[in-house]
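Trainee: For reference, the chains in residue letters:
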Amino acid sequence: QQQVKQSPQSLIVQKGGISIINCAYENTAFDYFPWYQQFPGKGPALLIAIRPDVSEKKEGRFTISFNKSAKQFSLHIMDSQPGDSATYFCAASGDSSYKLIFGSGTRLLVRP
Amino acid sequence: KAGVTQTPRYLIKTRGQQVTLSCSPISGHRSVSWYQQTPGQGLQFLFEYFSETQRNKGNFPGRFSGRQFSNSRSEMNVSTLELGDSALYLCASKLRVNTGELFFGEGSRLTVL
Chain A
112 QQQVKQSPQS LIVQKGGISI INCAYENTAF DYFPWYQQFP GKGPALLIAI
162 RPDVSEKKEG RFTISFNKSA KQFSLHIMDS QPGDSATYFC AASGDSSYKL
212 IFGSGTRLLV RP
Chain B
71 KAGVTQTPRY LIKTRGQQVT LSCSPISGHR SVSWYQQTPG QGLQFLFEYF
121 SETQRNKGNF PGRFSGRQFS NSRSEMNVST LELGDSALYL CASKLRVNTG
171 ELFFGEGSRL TVL
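Chains A and B, in that order, give the protein sequences.
Note that the first sequence ends on residue 223 in my numbering; no numbers are left out.
Note that the second sequence ends on residue 183 in my numbering; no numbers are left out.
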């Protein structure tokens with residue numbers, strides 16, 4: 112019940128296209144859902160985060176869509192660029208400690 | 071402002087040895103967490119320290135331990151190394167305990183032979 116399932120494992124998108132990464136969770140106590148971006152040789156960096164009181168959050172080209180009833184959330188990258196090529200991790204947290212449970216990651220490649 | 075600094079960046083050990091990894095958080099950050107990253111298991115939470123006290127612990131054996139010093143710097147130790155301990159060990163700091171925004175270092179890559 113502590114798992115966060117992420118798909119797809121890898122994704123190839125053409126420049127200018129939309130990249131979509133999905134995550135699903137079981138634990139209804141989760142109330143904080145961040146997405147992290149990791150480039151090779153670097154640590155993950157927070158990209159965008161959402162709480163279940165809203166269904167969508169947008170920051171620039173990055174949007175989180177959240178479906179509380181389905182216990183699913185997704186990251187949309189609009190107008191994908193080669194510089195977006197990285198591994199993306201969804202995560203969830205549900206207690207005051209904010210201990211994050213991470214998904215398995217999606218390796219995104221944006222072709223020029 | 072300097073980011074999270076981890077040392078050493080790379081190290082090779084043999085089975086049965088022990089290793090100590092070091093982490094200096096962002097200045098002003100008092101919470102430090104450790105994560106293990108492997109291709110098979112992904113990012114797994116090891117433990118979190120705040121004000122020299124362990125606040126939270128993941129599901130790792132007792133061979134994995136950590137501590138935090140009064141200057142917020144943290145160390146983690148793995149004793150009796152096993153081949154399966156080969157991983158990237160990531161340290162992350164945050165400004166407050168009640169936030170999910172972690173700032174990660176670049177990690178210490180441990181190879182156990």
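It is worth saying that the hints were derived from the structure and are not from the lab.
Model, not experiment: these values are computed from the prediction.
One thing to keep in mind: the hints can contain errors.
Using C-beta positions, here's what the derived DEER-type ranges look like [stated by the list, open to error]:
id : chain 1 : residue 1 : chain 2 : residue 2 : range
1  : B       : T108      : A       : S118      : 15 to 25 Å
2  : A       : N138      : B       : Q111      : 15 to 25 Å
3  : B       : N168      : A       : K179      : 15 to 25 Å
4  : B       : N141      : A       : Q183      : 39 to 49 Å
5  : A       : E170      : B       : Q87       : 43 to 53 Å
6  : B       : L165      : A       : R172      : 25 to 35 Å
7  : B       : R79       : A       : G194      : 16 to 26 Å
8  : B       : I82       : A       : P151      : 17 to 27 Å
Keeping only pairs whose Cα atoms sit at most 30 Å apart, straight-line, the calculated DSS-like set for lysine-lysine is [stated by the list, open to error]:
id : chain 1 : residue 1 : chain 2 : residue 2
9  : A       : K182      : A       : K210
10 : A       : K210      : B       : K127
11 : B       : K127      : A       : K153
12 : A       : K179      : A       : K168
For glycine and all other residues, C-beta sits at the position ideal for the given N, C-alpha and C.
Trainee: Now, for every hint given, state plainly whether the structure supports it.
Mentor: Here's how the hints hold up against the structure:
no. : hint                           : verdict
1   : B/T108 with A/S118: 15 to 25 Å : holds, 19 Å
2   : A/N138 with B/Q111: 15 to 25 Å : holds, 19 Å
3   : B/N168 with A/K179: 15 to 25 Å : holds, 22 Å
4   : B/N141 with A/Q183: 39 to 49 Å : holds, 42 Å
5   : A/E170 with B/Q87: 43 to 53 Å  : holds, 45 Å
6   : B/L165 with A/R172: 25 to 35 Å : holds, 26 Å
7   : B/R79 with A/G194: 16 to 26 Å  : holds, 24 Å
8   : B/I82 with A/P151: 17 to 27 Å  : holds, 20 Å
9   : A/K182 with A/K210             : holds, 19 Å
10  : A/K210 with B/K127             : holds, 9 Å
11  : B/K127 with A/K153             : holds, 24 Å
12  : A/K179 with A/K168             : holds, 14 Å
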